[in-house]
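Student: Listed here are the chains, written in short residue letters.
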Amino acid sequence: MQTTTQFDVPVSDRIQDLREKRKRINKDLRLNVERNRILTEYYKANPNQYPILKRAGFLYDWCATREINIDDDDIFFGDAGPHTRTVHFDIEQTSPFWFRGNFGDTDERFRAAWQVPGSVWVSDEDRKYLLEAADFWENNDIGCTARGLFPDEFFEGPMGQFAKYLNGSYPGHFNPNYEKAVQVGFAAVRQQAKDKLAEIKANTTTDNVKSDIFYRAMVKVCDGFILLNKRFADAARAKAETAPTPERKAELLKRADSLDSLTANPPRDFWEGIQTVLFYQNLMTADGLHWADSPALIDSYLGPLAENDVKTGALTLEQAQELADAFLLQIGNQIIMFPKPDNNQLIEAHKEGKTLYDLQGAGQNIAAGSLITLGGQKRDGSGDYTLATELFLLAYYRMRVAEPSLALRVNKHTPQRIWELGIAVSKRCGGFPQFNNDDVIIQQMLDRGVELEDARRYGVFGCVEPAVAGKEWSMASNCGAFGGGAGMLQTLQTVIHGNYDPASKTERPGDAKKLYEYNTFDEVKEEFVRLAKTGLKNMERMNHFAALVFETAWPAPSASVMMEGCMESGKDVSAGGAKYNATGTMTNAIGTVTDSLYAIKKLCFDDKTITTRELYDAVVSDWEGKELLRQKILNDLTFYGNDNDEVDELATWVTDFWLGFTNTLSGPNHGHVNMGILDLTWVAGGKRTWATPDGRKSGEPLSPSADPRQDVVKNGPLSYVKSVSKISWDKARCGGAINIRMDANSVRGDEATAKVRDLISSFFEMGGLQFCFTVADTAVMRAAQKNPQDYQDLIVRIAGFSAYFTHLALEEQENYIAKYEVAV
Amino acid sequence: MLVGYEVPVCAQLFIEVGSPVEYKNVKGHIYDIQGYAVHDGPGIRTTVYTKGCPLICLWCHSPESQRHEFELGYLQIKCLGTGVCENACVNACPVGALSKNEPVEALNGSGLIQKVSIDREKCTGCLKCAEACITKALYPTGWDTTVDEVYERVIKDRGFFKNGGGITISGGEAMAQFEFTLNLAKRLKDSGVHICLDTTGFAPAERYEEILPFIDLFLYDIKHMNTETHKKLTGVPNELILENARFLAQHGAALQIRVPVIPKLSDSEVNLRATAEFCASLPRDSVKLVQLLPYHKTGRMKYERLGRKYKITNVEPPNDEFMQKTLELFKSYGLNAQLH
Chain E
1193 MQTTTQFDVP VSDRIQDLRE KRKRINKDLR LNVERNRILT EYYKANPNQY
1243 PILKRAGFLY DWCATREINI DDDDIFFGDA GPHTRTVHFD IEQTSPFWFR
1293 GNFGDTDERF RAAWQVPGSV WVSDEDRKYL LEAADFWENN DIGCTARGLF
1343 PDEFFEGPMG QFAKYLNGSY PGHFNPNYEK AVQVGFAAVR QQAKDKLAEI
1393 KANTTTDNVK SDIFYRAMVK VCDGFILLNK RFADAARAKA ETAPTPERKA
1443 ELLKRADSLD SLTANPPRDF WEGIQTVLFY QNLMTADGLH WADSPALIDS
1493 YLGPLAENDV KTGALTLEQA QELADAFLLQ IGNQIIMFPK PDNNQLIEAH
1543 KEGKTLYDLQ GAGQNIAAGS LITLGGQKRD GSGDYTLATE LFLLAYYRMR
1593 VAEPSLALRV NKHTPQRIWE LGIAVSKRCG GFPQFNNDDV IIQQMLDRGV
1643 ELEDARRYGV FGCVEPAVAG KEWSMASNCG AFGGGAGMLQ TLQTVIHGNY
1693 DPASKTERPG DAKKLYEYNT FDEVKEEFVR LAKTGLKNME RMNHFAALVF
1743 ETAWPAPSAS VMMEGCMESG KDVSAGGAKY NATGTMTNAI GTVTDSLYAI
1793 KKLCFDDKTI TTRELYDAVV SDWEGKELLR QKILNDLTFY GNDNDEVDEL
1843 ATWVTDFWLG FTNTLSGPNH GHVNMGILDL TWVAGGKRTW ATPDGRKSGE
1893 PLSPSADPRQ DVVKNGPLSY VKSVSKISWD KARCGGAINI RMDANSVRGD
1943 EATAKVRDLI SSFFEMGGLQ FCFTVADTAV MRAAQKNPQD YQDLIVRIAG
1993 FSAYFTHLAL EEQENYIAKY EVAV
Chain D
237 MLVGYEVPVC AQLFIEVGSP VEYKNVKGHI YDIQGYAVHD GPGIRTTVYT
287 KGCPLICLWC HSPESQRHEF ELGYLQIKCL GTGVCENACV NACPVGALSK
337 NEPVEALNGS GLIQKVSIDR EKCTGCLKCA EACITKALYP TGWDTTVDEV
387 YERVIKDRGF FKNGGGITIS GGEAMAQFEF TLNLAKRLKD SGVHICLDTT
437 GFAPAERYEE ILPFIDLFLY DIKHMNTETH KKLTGVPNEL ILENARFLAQ
487 HGAALQIRVP VIPKLSDSEV NLRATAEFCA SLPRDSVKLV QLLPYHKTGR
537 MKYERLGRKY KITNVEPPND EFMQKTLELF KSYGLNAQLH
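Respectively, the protein sequence lines represent chains E and D. For the first sequence, the working numbering begins at 1193 and goes up steadily by one. For the second sequence, the working numbering begins at 237 and goes up steadily by one.
Because the hints were derived from the structure by calculation, they are not lab data. Note that this is a predicted model, so its numbers are computed, not measured. For every residue, glycine included, the Cβ atom is placed at its ideal position computed from N, Cα and C. It is possible that part of the hints are untrue.
[Stated by the list, open to error] Computed beta-carbon distance windows for the label pairs:
no., chain 1, residue 1, chain 2, residue 2, range
1, D, 339, E, 1889, 14 to 24 Å
2, D, 552, E, 1350, 56 to 66 Å
3, E, 1714, D, 336, 39 to 49 Å
Can you make the complete structure from the sequences, with help from the hints?
Tutor: The following block contains the structure:
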């Protein structure tokens, strides 16, 4: 592996400008209506076309008619929308109510929400169009397909509304086969489809007739992509005519030649490789697959191109770095609208000087949950770290962008320099990269039947979810669309309250017991298992039907065109064409669940200091008049996160059962069902969650994901990490990470870097799956002082105990900030 | 092995060679055990902090470590008011040293609460209030423990001890609880754990001689080269400390010398040069590293908790430039020096 220059190489003026431009645009975003217009017109004009041909036909039209946008300062070309950083949404998957509510609102309110500085701009013309389009989609969208095939029972209960409209149930969530797009290219893939068609034409049977349709769709998609390159080539050439400098003119002409070449050949150099990745991503965004569209192992297949460019002198290292920087800025330009705010929220936000961009998942998921995976292994098991691994890691370090997220695979081959870069980036970018343990993840893949050589080429998508890169349709039913119906925490609540809902004070029908009806702790566990199995089996059933919605009318030809298995089997990914199939979902609040089970066990059954009735009464009343008991629970019990086997064994038990049972379920297309441990909304989730026996009051934050509730961590990071290592990570096939917040003081300097590495590798030796750390950051603490409501979960460690930052007195906050205000 | 006593076969499995049973119960006073103590030696370390120190350094950032006996600490922000615990601490105090404050708004939004104040003049240090305090806002500055208890706790972190990591026994002055420290070191050594001893050097030479075989690395403080000034800053002269350093260095100890750089108090060029000269005069292979520790104010908060005054309020941390210059100075003596 070649070694790049050090961290301190200055960022080029061009990149500086691009970065500034991006910041400017963040205050002036526009909604991508163009894609939805092309889609709507195509679907209106071709109502009876076979679903995959309809989808491919639309994609072709999109490539053929979309606006070609080359900006004066572009290093790479193309956004998925007509402007840089347009905000995407998919009209066919968005509830018509949302359009009507927002765009059908009074003129005054519409303008206040969508046409003031800071709003995501929607013109009067676009508004009118979207309202008309909503009329069409109301009878043709994904919700219609769902209602056309779901059994009635799905529309009842807490998931009923969701089942009815499936809105926000985005496809995507996978590691597309960018590798094939770069190594084989669209022209060659088109030929593969043509050859397959010729075979079928010579011998058409019941078994291959649908494949004929599929291959025709593939040819259409390839034609579109090739045309897209051609159109950009022509545009670059035209723009060269009016280029302000001879250098820019020469550059544009060179790029035009590259794009022409890409219409017939795979990429020949680093620029062409990156451009292909970006165009392919744009195409999939148009196809509605942008949600967690995660380019995996890009350093593996772009690395040789970069290395060759540097070797032949076509690029200096500084120029290669500039391309990597530009790539990172551009790939994060796919912004998704999530959640979809209504006019009230928008108007309120604008009053506070916030933009819709600020509202996007509180700063998360802006780039649609996209995640870049770097590093790993080759098919033969040797390490796969290239010049591009360093370039891209350095790009994160230099650009300090918050999206897309970054995963770094580590194994015994990982070079020391990559570790150092990874840790340096993480100190700077707060939790990027997440470190992924190859040993555990590859074994998990083998456990679910993935071939060893494929398992070694896994990527991570979305937040933490591992999948076989380019070969797996990993979220067949869309992010475990119905996973939310079977939560660990909800199960715990039913174990405690039976069918009573303490929030609404209503008794629902059902036969579940209440906490005071158990005689032993084993009975508690048995009931937990019984309820959980019912819930998870229900999720399994729902997932099968959800996947069928997509197979019926919403195929994903832009994914299938490259996905391994589809070209071979003649089937779309939604019909099981990929080599591997899976779906997955997440569980959460391991700390809250474990601590609650432990409090029940310890207080009511082991020590018998209080009765189950007393504990039940305290919890059901949200500790009203029971503050003394609550404080005793909080202060006297040693909870998860302190390396105490007595409590941690319950974390092991509950995860082993929950994840293990999920692993036995059947997924769509004979795939697996993967369960992970992740929670993006433990603060919001806590607000919706009634009091729990661990002393948590109703509305207080939950423990985040697999992490302990940090305000009960008494013994520092080693015990914390060790407790988390006891979770059954080997079964957490949908991933999940420990996210530890470290003091700036303890990560300063080279020596500290070595210690962080020791900490991560120790966790991995103990069976840990993924590791993230963030550094207590002064800027964050200042923000928390201003908007405490948004930082309820910010926990700081104050010499021997942890506390919610926002609960500290001002002088204590200042003291803490002063203490850690040192360079990281 | 004990003569004439037959140990049951099953129990033999649990008795490790070289760690006689009777050592396990040696008692100690400690005030903290911390995992990931990144400032206490190489690699990832877990540090045991013993109580009691013969030195009282003006800049000490662990005032709770100074006295051997447990004191009453009070972390006011943890107090939720006497309404919750029904005046538990006030009622528990036999001498009436605790009183309720004027009501204040609770940080958790639960309304007006009355926290307590301690009259340190009246307080006898009986710690009954700390026993009664539910939230542990009132707390004793440490606890009684045994070699075995500490061993069981710290050995849990073993999975993290790679690349030189291990256990650090620190203080206070760990050598002041010699029997405890020696036996803990022996116990750990038997298990093959890397052991650092963080010491002021202020203990009889024969004790260092006795513990030497069990310590992999001494973290050894040199606070000032002038014995009069040393006495003013720490309460004790420095001859014994310097002699012990020479003794250890000459007897094969590995030393990591730590030099606190306290503006106005120990940062004169004369003193820094003398310190560097002294380090350079020790056998070269024994001084593995000299660490320069710039003054920091982290401990100030802790004095308030103990009802004490922090004495050097007019001292600010040295600037980076000065520390860099000091580092160069130490390096110019051929020392392997580092800023910490």
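Student: Each of the hints needs a verdict: does it hold here or not?
Tutor: Comparing the hints with the structure gives:
{"no.": "1", "hint": "D/339 <-> E/1889: 14 to 24 Å", "verdict": "holds (22 Å)"}
{"no.": "2", "hint": "D/552 <-> E/1350: 56 to 66 Å", "verdict": "holds (59 Å)"}
{"no.": "3", "hint": "E/1714 <-> D/336: 39 to 49 Å", "verdict": "holds (46 Å)"}
In summary, this structure violates none of the numbered hints.
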